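S.K.: Single-letter residue listing:
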Amino acid sequence: MNLENPIAFWILVVSLLGVVYISWWGKKFTSTTTDFYVAGGKISPRLNGWAMFGDYCSAASFLGVAGAIALAGVDSWWVAIGFFGAWIFVLVALAGPLKSSGKFTVADVLVGRFGGRSLKFLAMFTTVVIGTLYLVPQIVGAGHLFQLLLGWDYMVTVVVSAIVMGLMVVLGGMMGTTYNQAVQGVILLVAMLLLFVMATVMYFGGNPFAIVSQAMTTVPPTEAVKVMAQVTVPPTPEGAYGPFVLAEAIRAGFANLPNALTPGIAVPDVWSQVSLVLGLLLGVAGLPHILIRFYTVKDAKDAKKGAEITIIGLAVFYIAVLFVGFATMMILYPQLIEMLQAGQRGRATNMAIPLLGMEMGGEVILGIVAAGAMAAMLSTAVGLLISMTTSLSHDVYAGVLRPNSTDRERLVFAKIGAVVLTVIALLASIWLKDQNVAILVAMCFGIAASTFAPVLILSVWWKGLTKEGVIAGLVVGLVVSLVFTFARFSAVPEIAGIRVLGNPALYGVPAALITIIVVSLLTKTTGNAREFMGLAHRN
Amino acid sequence: MQNQSPKGSTPSSVEFDEASFRRKLGAAIKLLLIFCTMYFTAAVIATREFKHIASIEILGMPLALYTGVLVFVVGLVVTRMCLNLDRKD
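Residue numbers (the numbering used here), protein chains in the order written: chain A, 758 to 1296; chain B, 2 to 90.
Everything labelled a hint here was simulated from the structure, so no lab data went into it.
Treat the hints with caution; some may be incorrect.
Claimed, not checked - No farther apart than 16 Å at their CA atoms in a straight line, the calculated lysine to aspartate or glutamate pairs in the EDC-like style are these:
#1 52(B) x 1026(A)
#2 1220(A) x 18(B)
#3 1058(A) x 87(B)
#4 1190(A) x 910(A)
#5 1062(A) x 87(B)
#6 31(B) x 87(B)
#7 1281(A) x 1225(A)
#8 25(B) x 87(B)
#9 799(A) x 1056(A)
#10 983(A) x 1095(A)
#11 1220(A) x 87(B)
#12 1220(A) x 19(B)
Since the model is a prediction, treat every value here as computed from it, not as a measurement.
Based on the provided sequences and hints, a complete structural model is requested.
M.R.: In structure tokens, the structure reads:
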């Protein structure tokens, strides 16, 4: 086997074996479907907080955001700020009532209030759509990472990545997944902080603010690449540009170009920005793989305590991401520009962080960073697959198709579902291989924000909400957000005279909200609103 | 509005307390208003149309950087306020 980075590869293999061992260990706690779905509700808030952090910080957070900042500057930090803000919304509006009124899936909340098979089926379908699309960036990121480590073809590496992800779910259940996600959360936070400390000490004299000062004189690579033909800079004696030589030459020749802290470069216009931040803010409130974690603890207070731990971890992580992104820009400046010139923007964005690890600490640090990145992707992918298969098995198989099925049959159905959904996501990953994983994830947030988020929030806060309103809102939100998502990936500029934005939320969220409110005002099936509200808002 | 008890829905013995619900709703709206005001203001001034505001330098750094960091600070404060309200309940 020909390995391009053997030490890094074996560090990654050891960490993967650790993950597989934890999954296998967790299997002994998985004797019933309740254990498989939500670990029997026995997880402590602290462990759940770390698991939510690991579950949430996916390839987008670890690779995509820092990579995007390295290419385009401070504007790209907005994705991270949105990823953080979403948790404040979930904590205040949804965490407690969701835990108090549900059991296994988001469908439980809706069915708890309104009953009915149609809602269960629709909720399952929406869960599977969001989950499968969210799985794509995890596989794309893992595929690129393996490609960097092994030098194999992308097609081979995405298949290997997808097999590993599917296997993790088939092996274990929620208990193993929780411990894996918590351990992986710690690994990826430590890996990001390690990069931050190493970059600061090795290149900026131990002063983190020197990174920001340097960023204020550096032209972002996405802008610098436009003038590269006019730049002449003598190579260093080693034959390559030093980290800061090229950046200084470009700044000296083009004083009027923006710097890495100049706002408004990567954000196209105010409506695109509002659409993005709206989608990010509401997105987590509609992400089934995150919401399912609130069911793994004892009560609403524990759900909120866990969320606080996640929020503090995210604040530290995303502020570190800004510094690491800037440092990456300056340290890898020539390489990033080279990749942009070669038309490898996706690779430049998604692999900037592992390349930074390689640059600063050779294969050992590359291995640690790769383990962190793989941890981010695996924990998110497994969380997604668990939530999707739980919905398939609990909501559809046990709830609609075969209510008298045994626990074993439901588990088998869930695991077969995991394999099928992984294959679908794998095919989409081949199609979308050049997309920035952070942008792919942000699109999923937009879809979640347009579907589950308004429905769930109104279910627990509005007595006048009706079953018809929920169904109509889910369908309209899903259709509108999916149409604009696929238009964006197919480079369609507008639909029926409406401009296609970078994120579907600006159209999907109002469309869903207006539909829910209007249909609810026109219909009367409010379900057992008072009893449900009493349950959802009990102290 | 008609209050129909659907088949298959969660039975509950918890009494609905209208006053407590309204108090919680009010608190949630206030907390979200505080956070969303900061969040959307910071997001909008960072756009191309308002970049002249975001570029204003304070102590050598652009305003956009401060507002971005402030979103995290306000978020952490709102988190603590939310959990403190829970404790009072």
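S.K.: Decide, hint by hint, whether the structure agrees.
M.R.: Each hint, compared with the structure:
{"no.": "1", "hint": "52(B) x 1026(A)", "verdict": "holds, 10 Å"}
{"no.": "2", "hint": "1220(A) x 18(B)", "verdict": "holds, 13 Å"}
{"no.": "3", "hint": "1058(A) x 87(B)", "verdict": "holds, 8 Å"}
{"no.": "4", "hint": "1190(A) x 910(A)", "verdict": "holds, 12 Å"}
{"no.": "5", "hint": "1062(A) x 87(B)", "verdict": "holds, 10 Å"}
{"no.": "6", "hint": "31(B) x 87(B)", "verdict": "holds, 15 Å"}
{"no.": "7", "hint": "1281(A) x 1225(A)", "verdict": "holds, 8 Å"}
{"no.": "8", "hint": "25(B) x 87(B)", "verdict": "holds, 9 Å"}
{"no.": "9", "hint": "799(A) x 1056(A)", "verdict": "holds, 10 Å"}
{"no.": "10", "hint": "983(A) x 1095(A)", "verdict": "holds, 12 Å"}
{"no.": "11", "hint": "1220(A) x 87(B)", "verdict": "violated, 22 Å"}
{"no.": "12", "hint": "1220(A) x 19(B)", "verdict": "holds, 11 Å"}
The structure is inconsistent with hint 11 alone, although it conforms to all the rest.
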